[in-house]
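Trainee: Sequence:
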Amino acid sequence: MTLSPVSEPEITASAEQYKALAHPTRQRVIFTLDELGEATMATLAARLDTLKGNVAHHLKVLEKAGLVEVSRTNTVRGGTEKYYTRAQTRIHIPRERVTGQGAGELIHAVAEEMALAPAPVLLAIRHARLTAAQLEALVETLKHLAGPDDLPDAGEDETRYGIAFTVYPTP
Numbered sequence: 001m002t003l004s005p006v007s008e009p010e011i012t013a014s015a016e017q018y019k020a021l022a023h024p025t026r027q028r029v030i031f032t033l034d035e036l037g038e039a040t041m042a043t044l045a046a047r048l049d050t051l052k053g054n055v056a057h058h059l060k061v062l063e064k065a066g067l068v069e070v071s072r073t074n075t076v077r078g079g080t081e082k083y084y085t086r087a088q089t090r091i092h093i094p095r096e097r098v099t100g101q102g103a104g105e106l107i108h109a110v111a112e113e114m115a116l117a118p119a120p121v122l123l124a125i126r127h128a129r130l131t132a133a134q135l136e137a138l139v140e141t142l143k144h145l146a147g148p149d150d151l152p153d154a155g156e157d158e159t160r161y162g163i164a165f166t167v168y169p170t171p
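Anchor point for the sequence shown: position 55 equals 55 in the UniProt record's numbering, and the numbering is continuous, going up by one each time.
Watch out, some of these pointers could steer you wrong.
In silico lysine to aspartate or glutamate, EDC-like type, Cα no more than 20 angstroms apart, as pairs [stated by the list, open to error]: (1) Lys60 <-> Glu81; (2) Lys82 <-> Glu35; (3) Lys19 <-> Glu69; (4) Lys52 <-> Glu69; (5) Lys52 <-> Glu81; (6) Lys82 <-> Asp149; (7) Lys60 <-> Asp49; (8) Lys52 <-> Glu63; (9) Lys143 <-> Asp153; (10) Lys64 <-> Asp34; (11) Lys64 <-> Glu81; (12) Lys19 <-> Glu112; (13) Lys64 <-> Glu113; (14) Lys82 <-> Glu63; (15) Lys60 <-> Glu38; (16) Lys60 <-> Asp34; (17) Lys19 <-> Asp153; (18) Lys64 <-> Glu38; (19) Lys19 <-> Glu63.
With beta-carbon atoms standing in for the labels, derived distance ranges [what the hints assert, rightly or not]: (20) Thr131 <-> Glu63: 42 to 48 angstroms; (21) Leu135 <-> Lys64: 33 to 39 angstroms; (22) Leu142 <-> Lys60: 30 to 36 angstroms; (23) Val70 <-> Lys143: 28 to 34 angstroms; (24) Glu81 <-> Thr131: 41 to 47 angstroms; (25) Ala128 <-> Asp153: 27 to 33 angstroms.
No wet-lab data here; the hints were simulated from the structure.
The C-beta atom is built at its ideal place from N, Cα and C for all residues, glycine as well.
Modelling step: build the complete structure from the supplied sequences, incorporating the hints.
Mentor: Structure (structure tokens):
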């Protein structure tokens, strides 16, 4: 989830941020802010096809968790309109914070987004027995495949794609 080709430090997510990211609507808010750069509650509600009150609730949770922030305000019709932006564009969730249920919620949120999209360009699922060294090498390779330094954003005129990787021990 990167916005610019300029590399920035990867922030380690707190437990509160991890929990906030586990809701599908909040992930969609984050993804939409990635795409737009900044947006008002009304803009987000229109883009996400949901009620302003719903977006307001999720923005409040994301703001409290430090994942979004108010970038500027504008006075309109006697009120104040807030523009929201991502607080940071790169977040790392440490393995020790990824609980089975929490990981499932994050994956469910991504699956929900995928279900709304046209057929995926690629969907691959594989089970393999790996040594510890193979696992470590695979994880490092996947981290770099979709990282902003190795795969910079192509710009506004190009199609946006979601990229999701997970490596998990099977039951």
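Trainee: Between the alpha carbons of Lys64 and Glu113, is the straight-line distance 20 angstroms or under?
Mentor: 24 angstroms, violated
Trainee: Does the alpha-carbon distance linking Lys19 and Asp153 stay inside the 20 angstroms limit?
Mentor: 27 angstroms, violated
Trainee: Kindly confirm whether 28 to 34 angstroms is satisfied by the beta carbon distance between Val70 and Lys143.
Mentor: Cβ of Val70 to Cβ of Lys143: about 31 angstroms, so the range 28 to 34 angstroms holds.
Trainee: Are the Cα positions of Lys52 and Glu69 separated by 20 angstroms at most?
Mentor: Given pair Lys52, Glu69 holds - Cα atoms ~17 angstroms apart, limit 20 angstroms.
Trainee: Would the hint linking Lys52 and Glu81 be met if the CA-CA limit is 20 angstroms?
Mentor: 13 angstroms, holds
Trainee: Tell me if the straight-line CA distance from Lys60 to Glu81 falls inside 20 angstroms.
Mentor: Holds, at about 15 angstroms.
Trainee: Next pair to validate is Lys19 with Glu112; report whether the Cα-Cα distance is within 20 angstroms.
Mentor: 17 angstroms, holds
Trainee: Does Glu69 sit within 20 angstroms of Lys19, going by the straight-line distance between their CA atoms?
Mentor: Answer holds: Lys19 to Glu69 is near 17 angstroms, not above 20 angstroms.
Trainee: Evaluate the given range 42 to 48 angstroms for the C-beta pair formed by Thr131 and Glu63.
Mentor: 43 angstroms Cβ-Cβ, so the 42 to 48 angstroms window holds.
Trainee: Do the alpha carbons of Lys82 and Glu63 lie within 20 angstroms of each other, as the hint requires?
Mentor: 12 angstroms, holds
Trainee: Taking only the CA atoms, is the gap from Lys60 to Asp34 under or equal to 20 angstroms?
Mentor: Within the cut-off at roughly 18 angstroms; holds.
Trainee: Verify the proposed pairing of Lys19 with Glu63, using a straight-line Cα cut of 20 angstroms.
Mentor: Holds: Lys19 and Glu63 sit about 13 angstroms apart, inside 20 angstroms.
The structure does not agree with the numbered hints 6, 13, 17 and 24 stated previously, though it agrees with the rest.
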